[in-house]
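Protein chains: 4
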Amino acid sequence: MVGATGYSGFELTRLLNAHPRAKKPLLLKRAEDTASADLAECYPHLSGNGGFPLEPFSWTRVKNAGVDVLFLCTPHEVSRAWVPEALELGLRVVDLSGAWRLKQAAHRGVYGFEDSSCQRTAEINDAAVYGSPELHAAKMPGAALVANPGCYATSIILALTPWLRDGLMDRSAAIVCDAKSGVSGAGKQPTPRTHFVEVSENLSAYTVFGHRHTGEILEQLDLGGDQLQFTPHLLPIPRGILSTIYARVAPGVSAAELEESLRRFYAGRKFVRIFAAGALPEIKYSLHTNFCDLGFCLEPNGQRVVLISCLDNLIKGAAGQAVQNMNLMFGWSESEGLA
Amino acid sequence: MVGATGYSGFELTRLLNAHPRAKKPLLLKRAEDTASADLAECYPHLSGNGGFPLEPFSWTRVKNAGVDVLFLCTPHEVSRAWVPEALELGLRVVDLSGAWRLKQAAHRGVYGFEDSSCQRTAEINDAAVYGSPELHAAKMPGAALVANPGCYATSIILALTPWLRDGLMDRSAAIVCDAKSGVSGAGKQPTPRTHFVEVSENLSAYTVFGHRHTGEILEQLDLGGDQLQFTPHLLPIPRGILSTIYARVAPGVSAAELEESLRRFYAGRKFVRIFAAGALPEIKYSLHTNFCDLGFCLEPNGQRVVLISCLDNLIKGAAGQAVQNMNLMFGWSESEGLA
Amino acid sequence: MVGATGYSGFELTRLLNAHPRAKKPLLLKRAEDTASADLAECYPHLSGNGGFPLEPFSWTRVKNAGVDVLFLCTPHEVSRAWVPEALELGLRVVDLSGAWRLKQAAHRGVYGFEDSSCQRTAEINDAAVYGSPELHAAKMPGAALVANPGCYATSIILALTPWLRDGLMDRSAAIVCDAKSGVSGAGKQPTPRTHFVEVSENLSAYTVFGHRHTGEILEQLDLGGDQLQFTPHLLPIPRGILSTIYARVAPGVSAAELEESLRRFYAGRKFVRIFAAGALPEIKYSLHTNFCDLGFCLEPNGQRVVLISCLDNLIKGAAGQAVQNMNLMFGWSESEGLA
Amino acid sequence: MVGATGYSGFELTRLLNAHPRAKKPLLLKRAEDTASADLAECYPHLSGNGGFPLEPFSWTRVKNAGVDVLFLCTPHEVSRAWVPEALELGLRVVDLSGAWRLKQAAHRGVYGFEDSSCQRTAEINDAAVYGSPELHAAKMPGAALVANPGCYATSIILALTPWLRDGLMDRSAAIVCDAKSGVSGAGKQPTPRTHFVEVSENLSAYTVFGHRHTGEILEQLDLGGDQLQFTPHLLPIPRGILSTIYARVAPGVSAAELEESLRRFYAGRKFVRIFAAGALPEIKYSLHTNFCDLGFCLEPNGQRVVLISCLDNLIKGAAGQAVQNMNLMFGWSESEGLA
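From first to last, the protein sequence lines are chains A, B, C and D.
One point on numbering: in my numbering, the residue at position 86 of the first sequence is 86, and numbering is uninterrupted.
One point on numbering: in my numbering, the residue at position 89 of the second sequence is 89, and numbering is uninterrupted.
One point on numbering: in my numbering, the residue at position 202 of the third sequence is 202, and numbering is uninterrupted.
One point on numbering: in my numbering, the residue at position 57 of the fourth sequence is 57, and numbering is uninterrupted.
Errors might be hidden in some of the hints.
Identical copies go unnamed one by one, so any copy, or any two together, can satisfy a pair.
Unchecked claim - Okay, derived cross-link-like pairs now, DSSO-like style, lysine-lysine, Cα gap no bigger than 27 Å in a straight line:
{"no.": "1", "residue 1": "Lys23", "residue 2": "Lys139"}
{"no.": "2", "residue 1": "Lys139", "residue 2": "Lys63"}
{"no.": "3", "residue 1": "Lys63", "residue 2": "Lys24"}
{"no.": "4", "residue 1": "Lys23", "residue 2": "Lys63"}
Everything labelled a hint here was simulated from the structure, so no lab data went into it.
From a predicted model like this one, the values you see are computed outputs, not experimental measurements.
Put together the whole structure using the sequences plus the hints.
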């Protein structure tokens, strides 16, 4: 794994270390990373579980180590640059950045990757599997590159897919997704925005239009930009996401049908929990787990529905989903190491 | 004042105590209130400023004290029962409960006051002034009963009034108000819902449809129930409200026109601060003040607008607005004791 | 288990449910407990892992269920009353209350149990094993009753035992233990003390002299009341304890000796982590784990030492330590189900 | 004022702006300060109160402005360098840094100022008044340079001075001061230490021996280094300090005598509030005020006493105390602009 010192990388290290089928992960750091020689120096949480040496990254080291799957917890520019070389070496890759999630050039604009004039890059981009195991499990065993989804995107895509596929929604009305996230989603780099005094006792909206995760959401839900509004907020808590989704259902659709649609779609899937109609998830229920929790209220005698989706941005929104994808890539139970 | 031991009552006591034109308030407690003999025993914050004796409430005591204005920080049932008697005695009243805010019987249903078959009650209800000084300042000098607005309602009504009145909004699209409040809005009574361990590290939505403040918002904005969706959330902070409002503007409306509309409407009003187009308020800016902060983003090349409204639920959302109303009732500057 | 609805009981349920050698626990509730029929209704965190039915407690139910060990997460009065009957039935008991922790009658005064004139009670009290696995592991296999330690007591006893036993401390100077705990230590009952608005943005000391855990600490460390001062504080966080311990070491004792003493005493023990001299644990490192973390600074050229001890009050301070004790009682590795 | 962009400088700006006798402060920024042209851009809290232009600092600008008192919210190196020049110009200075607080060269070592071989510097250092208005009010009217105390130091010095002066303490026993502060005490610069995710849900001790404020405390209390142990902790709250002080009283001293000593010493002083014996202050009581709150518990039948001292580190611990000093320097009531 490259990038263990960030919050997602740290969680991924924890999960892989405890995974019954994975070997202890090889932790590699980029030249820019001045972190110490052992991850337990940054994260004393890890001590008492043996060493977690951080080695300088090189392709030679990766080859010699006999790595089966390369996890990239790297900035999207780095992931975009490194993945072709990794695939060339025959490695399978799970990339946690946004570099390979988007099929439409227009959506890639926010990352500066709208142009894929290089044919190899275009092929890789086309072949990359969007790493939502609940949507694309069948593609994982054959995937060379899995583009692990964004945290906000996961919460919204899992919430809306069943009703949209089952035709239960009024598609003429725009869907509003008001999302709220804990601060770890903003990364480990200290900035004025992540200073304790600035965040605590506070709430703020940001990137009101055009947040990077919007493209993923639209592509996976097959919606146009006018059909969905997504605005994130920064919560004064370290982790967790709650998305409040406002929509209209098709005429005559009942709460029972809505609940049944969710239950049917996620039947047999371990990591999406459906609450009974009228019961709502809260952030704390899914913290430190790989669950995404879904619940909704349908307006009495009305068409309006409010759908709540909660998850832990570092687990189901990042490292846990990455492990879930790895499990499917290697033909294991998707819940190995995640229960 | 009756009800100083609650959070709003405590803030009101603080404000009145420091008010340059008000006498030290007479604090009265209902028989049910087992609080101690001095408010500074519940709130040691107050000590060092002289005594704050809590006396048992009686109409005789009120009469003898020569009270000019009676503040009721009481449950709505109590306010509904007491106000007629207070008016009978010639007192002017500022009621901080929801008892007298609603003109339409249907909206009063959530409080159980839909029926005003008693003619005196109906007259009082009709004559009550909705205590939004930015909307109804002209009525305050003559008001016998001011119904101080709800905290959420204040944040949403102040945000939307100018654009609706100026015809800048697309009224065919429903407005979504996703509001978030600190815990003091839930009152001082300890409940499982206000337990620290339940609230901290968490976020939850509640009363998804039909929150009590919905009626006030619809009446003051002159909207039908289908035109506005209001859903509140409980934030892990002690105080402050941020409302995120999703709407569509009328075709061709520019960000400059939207900003100008807000500035024009609130010209000369001290306690609404307008942020430049594209700049957004955060909860912390207005904490411990009587300001309501408004800011918005208009979608580039689009009709969608996101409007953010922030205030301190205990000050502008309750006690501060009550003092502002008092100032206007007595012909003083609205900012006396609030700067 | 009796008492799963409290915070410790909930954590114990989680741990036992995931324990590789334990059966799914039988959850029993006392008549006073009005909780719902399934623990997942109180704690939706548990859903997705099968049912957690809460059955009314009766000795008949306990007998018929073939229970191997009875966990009591009950008030100390209840534990004091029930344990004799449980032992009579041949059950082994781990009691998480303070009912059976204290050998000296004077120390039991805070619980109202100073008098053990009943001979059977006195025998049980004498035979009870204080459930600190790092101190009394050898007694666990034969123990009928294990009195699981208090959370504060665990943090202080584990910190001070090695140096006291090794004679490294200046016993003429009183030891000061300034301890700070998250709010879950105050229990799940909503009170003014646990209201979010009262706790957040705050810190307070309480029970400055004579906190209930003082007796345990003195007995296990074999100190007199004058030799140790223990004062707890309430932190605005949901869980975790940090104890700052001020002491003097014997003349000439070096930091290396102090560190060596800790390492030697806890050699082979999984759940006490020793930090290098001069490095200090923080609360977050041990949250959600069964670790107790110890670190210290020795004054340069001096005799003063500050020792920091951190743990999660619900895991190592309660449920995790209970499972660790169970493991030792049944001859299993002490880390089964806790890694 | 120089340095308005830091947390103390911002609070000082707020206080001076609302001060009935002070003109609106002239805000100057050092060349290193890249802050914007108006303080309200960094702190939108200030908007609605006119402009707060930030001008580049120069001595010419200071002279021309007719400044009566220069507040320095600057790093201690800067304050050490600038004060001689300011005094040369005939300005009176209140310095909020640690540059001029310490009389003993050994104590100044932590700032790198142990050597005052320059005679002018030595004279200034000797003449500087330690800015504790409760201790040195009489010196303020004539003071050219007031060295505003450290926040921790204020909380401990105010707590211990009366008993030490009245001979009520057992001086043979070392005093332990376990202090806890909110994060604003660590400054506005984003660092790994102030990152929200690192601080929240956490508590940590730091600078266990030799914190910079130790020298001030020892000098003002006239104690030797062995007689007092001071260790600070970082609380997961934005502001506020609580110091828990462990000491022994002289034989036979009663709680009434202790309380009386505090009340007598602070008689006529507005900003120290004494709690009745056995009642303890909490951080929240003094937040956003200039009060220092003192309370204590004496051990029943014992000599041990625990004394709690609380204040707001940005107000009484910095900006408020600076205003209080200014009031005394100019012969005004010490509470002007602070009530």
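### Query
When no copy is named, should Lys139 and Lys63 be tagged within, between, both, or neither for a Cα gap of at most 27 Å?
within (25 Å within a copy, 52 Å between copies)
### Query
Quick one: Lys23 to Lys139, C-alpha cut-off 27 Å, is that within a copy, between copies, both, or neither?
Cα proximity of Lys23 and Lys139: one copy only (24 Å, versus 37 Å across).
### Task
Could you figure out if Lys63 and Lys24 sit no more than 27 Å apart (CA to CA) within one copy, between two copies, both or neither?
Within one copy only: 16 Å inside, 44 Å across.
### Intra- versus inter-subunit Cα pairing at 27 Å for Lys23 with Lys63
Within one copy only: 16 Å inside, 44 Å across.
Going through the hint list in order, the structure satisfies each hint without exception.
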